[in-house]
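My request is simple: use the sequences and hints to build the entire structure.
If you're matching them up, the sequences are chains P and D in order.
Here my numbering is used: position 216 in the first sequence is 216, and no number is missing along the way.
Here my numbering is used: position 159 in the second sequence is 654, and no number is missing along the way.
Heads up, a few of these hints could be off.
The calculated lysine to aspartate or glutamate pairs, modelled on EDC-like cross-linking and capped at a C-alpha distance of 16 Å, are [stated by the list, open to error]:
| id | chain 1 | residue 1 | chain 2 | residue 2 |
| --- | --- | --- | --- | --- |
| 1 | P | 365 | D | 549 |
| 2 | D | 680 | D | 707 |
| 3 | D | 833 | P | 465 |
| 4 | P | 27 | P | 81 |
| 5 | D | 832 | P | 354 |
| 6 | D | 661 | D | 730 |
| 7 | P | 77 | P | 192 |
| 8 | P | 230 | P | 120 |
| 9 | P | 77 | P | 465 |
These are calculated hints, taken from the structure and not from any lab test.
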Amino acid sequence: MDMDKQRDNLAEHAVVVASTAIAGVIKALHRILPEEGLLVAEEEARPYECDGLTAYRQLPLLVVLPESESQVVAILKLCSEAKLPVVIRGAGTGLSGGATPVENGVVLSLAKFMRILEVDPLARTARVQPGVRNLAISEAAAGHGLYYAPDPSSQIACTIGGNIAENSGGVHCLKYGLTVHNVLSLRLALIDGEVIEIGCGALDSPGYDLLALLIGSEGMLGVVLEATVKLTPKPQLAQVVMASFADVVTAGNAVARIIAAGIIPAGLEMMDKAATAAVEDFVHAGYDLAAAAILLAESDGTPEEVAEEISAMRAVLEASGATDIRISADEAERLRFWAGRKAAFPAVGRITPDYLCMDGTIPRKRVAEMLTRINEFSEEYGLRCANVFHAGDGNLHPLIMFDANVPGELERATSFGAKILELSVEMGGTITGEHGVGIEKVKQMCVQFSATELALFHALKGAFDPHALLNPGKAVPTPRHCSEYRLTGTPRAQP
Amino acid sequence: MREIVSEFARRIHRAALERVPLRLRGGGSKDFYGGPLLGEILDTGCYAGIVAYDPTELVITARCGTPLREIEAVLAAQGQMLAFEPPHFGAGATLGGAIASGLAGPRRATAGSVRDFVLGVKLMDGHGEVMNFGGQVMKNVAGFDVSRLMAGALGTLGVLLEISLKVLPRPATETTLRLEAQQGKALELMNGWAGRPLPISATCWAARDDEELLTLRLSGAHAAVAAARGLIGGESVDDAPAFWDELREQRTAFFAVGIPLWRLSLPSVAPPLVLPGAQLIEWGGSQRWLACDAPAELVRTGAAKAGGHATLFRGGIEARAAGVFQDLPAPLMALHKKLKQAFDPVGIFNPGRMFREF
Ligand SMILES: Cc1cc2nc3c(=O)[nH]c(=O)nc-3n(C[C@H](O)[C@H](O)[C@H](O)COP(=O)(O)OP(=O)(O)OC[C@H]3O[C@@H](n4cnc5c(N)ncnc54)[C@H](O)[C@@H]3O)c2cc1C
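The following block contains the structure:
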């Protein structure tokens, strides 16, 4: 406790020192950046006060929008000399507050780094700037019969820089992998302005696998300036089976049985009744509204291969108690089936003033049990919850609906969410499968990790960013965070 | 098993106190790999056994000393496999050694690397502390990805007590084809095929007598393999599983020569290398073996110019001492040292096995 207090005093002191230096920093930034690349006025900085986790807002000290690597380097040098915290920002679609500004900190937006530098069809790679949107890569590669496989539902908006920072997944990652499986190399600026290359054009590099460490590091270790990603040949055909179930337990078991049959579907997703109802209203995908849950299972490959796999999946789903089965007749219908799934968050957003999106991952075999428990929590907390799952991966997205304007509802929603996350850990899973810890789940990190494990995370952070200027306070809790949480929250589950 | 873990911790404490390094060793099958072997042996082979395996979860968790053979047999009984096809390089190969060395076999180019399949580790660091990272689920982004960082770290960051891996179903069918192709043509073919949705799971180009042969394996659904076979042509190879095993274990004639063996990791599209010695190409052009006694400098420059790097995979004791892996640029080396420091501040685990600097 004493050490924490001391640290706080030091931090306050640092803020005072910094504020006198701020005027100087702004002046220096003016020399580095064009007029429109520096936002200091409150009304200009306001749009950057939150990311996709809108329940948390913080006005930054200022926002910079550099256009070139040399500008980024100069900005970082300035900030590290002035000890100003820096929060890197892509499209701001993150759901854990990774891009939420910190008080008296700079927001470094990479929105202007939008160039696709190279598509090499023979090597099946694309070299892109960090602000390039996920979908734009696939669009640029489409003419060569290639695409970038990880497809987060936010892919029309989110950037590759953000994807790398979060190790984002999509509905096809059971078969095609997460971001970490699809990035070959990075160009990275460290907080002191040093620029390094991680990975190369080959499949591996000498030394430690720093790519693995950087992917999913939530903007805490460096600024991604460029990425070379792997492109995948587009399958000749894809088809999706949509199966309805009369209860969630049967649906959950069907997922395990598909895997047990030796099938790795290209996508395996589940939505419960609350989710399909919200979505159907929004996109008219033709979902079975009477079903307690629906499963979407995709197959891709050659036409013969798809036919073989679809009939195998159909057999398993029938044997597992599906009440109705539909198979996409053509590409338009397949896309319609998916459109609903991909629009699930905004669809739920339409029927509630606010929602929190959880992201726990659990062993597949416990999906049904988890759903049952979530329904119990929902009653206990008096809040509605719609469930969308990457069922094949055991990655759950319960969407807890609430109204922030009703006193106490945000707190109730937060406790409800915390319950789900703690249960995920208890079931042998994790508090976050793809959205990151950010500020949202920083407390639950104390449930998942021991003090020594957290200390190691801090040491790793220190190896890249000794003064903890990049995204301070995010992703890895301090010992104080944890002792406070343990006092008020549930004690840490022993592994 | 608890006693073994306590004993590891005791050894680590003593090593730290006396500043005597430890050499982590499972079955010793990869003793030939990496820098010189220094320190007292810490035998990890005794910490063995499969901890959990549930085929429908596609995850296996086992202790570091578990024989690779045992794991493969248990998976095969359920129709599953380690998709990165690790080479054993000896009967005693353990899981810990396979992960720490980070070496993958023929399926690497399409299925993924060792680290791609690592889901979690239980690690003992240089303080003798036991820590858990990652887990037994498919997706996990809580905290930095320490578990994947362990793959290929050559035991320099800690003792991998337990490892959880993603496993995959074995393909419904496999078939192997062979065609004649000069090196340049073979590279062109492999890269061209890789850009199309074909179920190619392994490739190997090599010269034999006066022929240059490209061998490739197709794996997947019956229909897909049949269609690809029609498209690619060539002759089918008898006893194909043995061919890929021999290749993975480096028991073919190419690897029998006594001179240093270099592993060149290059962009798959790099044109044929003009370097002395014999070459064998795998991974669609990304992994090229070079058997030659040319000066290290020549080989490394050649690899760097082609956009990759060279590893002295099998050399003599002297050559190993001079450095096995391509040197890192200074800022990267500085980062490596800091990372090493975070896990193993006194520097007791496998010093020099990766780089002379730590
Ligand atoms: C409707 C909706 C659906 C979603 N669906 C999915 C989904 O299916 N799967 C999934 O995984 N996620 C999903 N997300 C979450 C989100 O889109 C992803 O996390 C995405 O990768 C964030 O990208 P971004 O560009 O918006 O990053 P931001 O939100 O701007 O930033 C996210 C993090 O990345 C860091 N960062 C950004 N750029 C860089 C850089 N160049 N260098 C270093 N760090 C950087 C930031 O500091 C921050 O920590 C969804 C979000 C929404 C709103």
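Non-conforming hints, listed in increasing numerical order:
5 and 6
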